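**Student:** Model the full assembly from the supplied sequences, consistent with the hints where possible.
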Amino acid sequence: KNEVEQSPQNLTAQEGEFITINCSYSVGISALHWLQQHPGGGIVSLFMLSSGKKKHGRLIATINIQEKHSSLHITASHPRDSAVYICAVYRMDSNYQLIWGAGTKLIIKP
Amino acid sequence: ETGVTQTPRHLVMGMTNKKSLKCEQHLGHNAMYWYKQSAKKPLELMFVYNFKEQTENNSVPSRFSPECPNSSHLFLHLHTLQPEDSALYLCASSQARFYEQYFGPGTRLTVT
Numbered sequence: 001k002n003e004v005e006q007s008p009q010n011l012t013a014q015e016g017e018f019i020t021i022n023c024s025y026s027v028g029i030s031a032l033h034w035l036q037q038h039p040g041g042g043i044v045s046l047f048m049l050s051s052g053k054k055k056h057g058r059l060i061a062t063i064n065i066q067e068k069h070s071s072l073h074i075t076a077s078h079p080r081d082s083a084v085y086i087c088a089v090y091r092m093d094s095n096y097q098l099i100w101g102a103g104t105k106l107i108i109k110p
Numbered sequence: 001e002t003g004v005t006q007t008p009r010h011l012v013m014g015m016t017n018k019k020s021l022k023c024e025q026h027l028g029h030n031a032m033y034w035y036k037q038s039a040k041k042p043l044e045l046m047f048v049y050n051f052k053e054q055t056e057n058n059s060v061p062s063r064f065s066p067e068c069p070n071s072s073h074l075f076l077h078l079h080t081l082q083p084e085d086s087a088l089y090l091c092a093s094s095q096a097r098f099y100e101q102y103f104g105p106g107t108r109l110t111v112t
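Heads up: the protein sequence lines correspond to chains A and B, in order.
FYI, the numbering used here numbers position 54 of the first sequence as 54, with every residue one higher than the one before it.
FYI, the numbering used here numbers position 90 of the second sequence as 90, with every residue one higher than the one before it.
Think of the hints as simulated: they come from the structure by calculation, not from any bench.
Be aware that a few hints might be false.
Unchecked claim - Covered stretches of chain B (in silico footprint by chain A; criterion: 3 or more residues with CB under 8 Å from a CB of chain A, positions within the stretch not fixed): (1) 41-54; (2) 71-85.
Said to hold, decoys possible - In silico SDA-like links for lysine to any residue, alpha-carbon gap of 20 Å or less: (3) LYS41/B <-> ASN10/A; (4) LYS52/B <-> GLY28/B; (5) LYS36/B <-> GLY42/A; (6) LYS41/B <-> PRO39/A; (7) LYS41/B <-> SER50/A; (8) LYS36/B <-> PHE64/B.
Claimed, not checked - Quick partial rundown of chain B residues pointing at chain A, CB under 10 Å, derived from the structure: (9) PRO8; (10) ARG9; (11) TYR33; (12) SER62; (13) PHE64; (14) LEU88; (15) LEU90.
Only a predicted model underlies this, so the values are computations on that prediction, with no experimental measurement involved.
Ideal Cβ positions, reconstructed from N, Cα and C, are used throughout, including at glycine.
**Tutor:** As structure tokens, then:
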């Protein structure tokens, strides 16, 4: 079993829908990172959080340390939100290694 | 110019060639990273430099050789690669080793 699991692996939705992507992890962490990768490869950091909730524009990230779970929400989704969303955790032991999830491929249809 | 830049963006090389990938960051960061991303796989960390010193080498074959001449520049020297080395190679930087990472656009490498 991977130490970082994302769900769903693939998600297709209509423009305007509320999107939720989930990340569960099985190790102790110091922080969790949400990133976005567009077709062509470029990766953009969205959030880094260790507790609570962060909001930036239409994106909201939450984390529950006790449940070892984080969610990324997109409100009023738009086709330009189509990308792969990646969760990565800074593991507390093992020299704070960054453990990567496999990503969630999101397609927003107009 | 801001952020993290990588050159070239695309590279096709034969198995006997020698080439180098370049990464430059304009963020004043002290840590730099090389990642490999193969199709449908999570990112794999290859090398980490912190304050110009290599701190991690995750069992990367010797045909990949990193170089970090200063905190702003990172190179990945390639020689006698294999077709399975074809992948997207991403460079990242962060303020220090365990801080938020900022990524370059990547180099799409094809080994023929």
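**Student:** Are there three or more residues in the region 71-85 of chain B whose C-beta lies closer than 8 Å to some C-beta of chain A?
**Tutor:** violated (count 0)
**Student:** Closer than 10 Å between Cβ atoms is the bar; does LEU88/B clear it against chain A? Give me holds or violated.
**Tutor:** For LEU88/B, the interface hint holds, since the closest Cβ of chain A sits about 5 Å away, which is under 10 Å.
**Student:** Does SER62/B hold up as a contact with chain A if the rule is Cβ-Cβ below 10 Å?
**Tutor:** violated, 22 Å
**Student:** Take the region 41-54 of chain B, compare each residue's beta carbon with every beta carbon of chain A, and decide whether three or more fall closer than 8 Å.
**Tutor:** holds (count 4)
**Student:** CA of LYS41/B to CA of ASN10/A, is that 20 Å or under?
**Tutor:** holds, 14 Å
**Student:** Take the C-alpha atoms of LYS36/B and PHE64/B, compute the straight-line distance between them, and say whether it is at most 20 Å.
**Tutor:** Cα-Cα ~11 Å, so holds.
**Student:** For the restraint on LEU90/B, tell me whether the closest CB of chain A is nearer than 10 Å.
**Tutor:** Because about 6 Å separates LEU90/B from the closest Cβ in chain A, which is inside the 10 Å limit, the hint holds.
**Student:** Quick one, are LYS41/B and PRO39/A close enough, alpha carbons at most 20 Å?
**Tutor:** This hinted pair holds, its Cα atoms lying about 15 Å apart.
**Student:** Assess, step by step, whether the Cα of LYS52/B is no farther than 20 Å from the Cα of GLY28/B, and give holds or violated.
**Tutor:** holds, 13 Å
**Student:** With the threshold set at 20 Å, check whether the alpha-carbon distance from LYS36/B to GLY42/A stays at or below it.
**Tutor:** Measuring from Cα to Cα gives roughly 13 Å; hence the hint holds.
**Student:** Can you confirm whether the C-alpha distance between LYS41/B and SER50/A stays at or below 20 Å?
**Tutor:** Not satisfied, since the Cα-Cα distance of roughly 25 Å exceeds 20 Å.
**Student:** Could you check if TYR33/B really has its C-beta closer than 10 Å to a C-beta on chain A?
**Tutor:** Hint holds; TYR33/B Cβ to chain A Cβ min 9 Å, cut 10 Å.
In summary, the numbered hints that this structure violates are 2, 7, 9, 12, 13.
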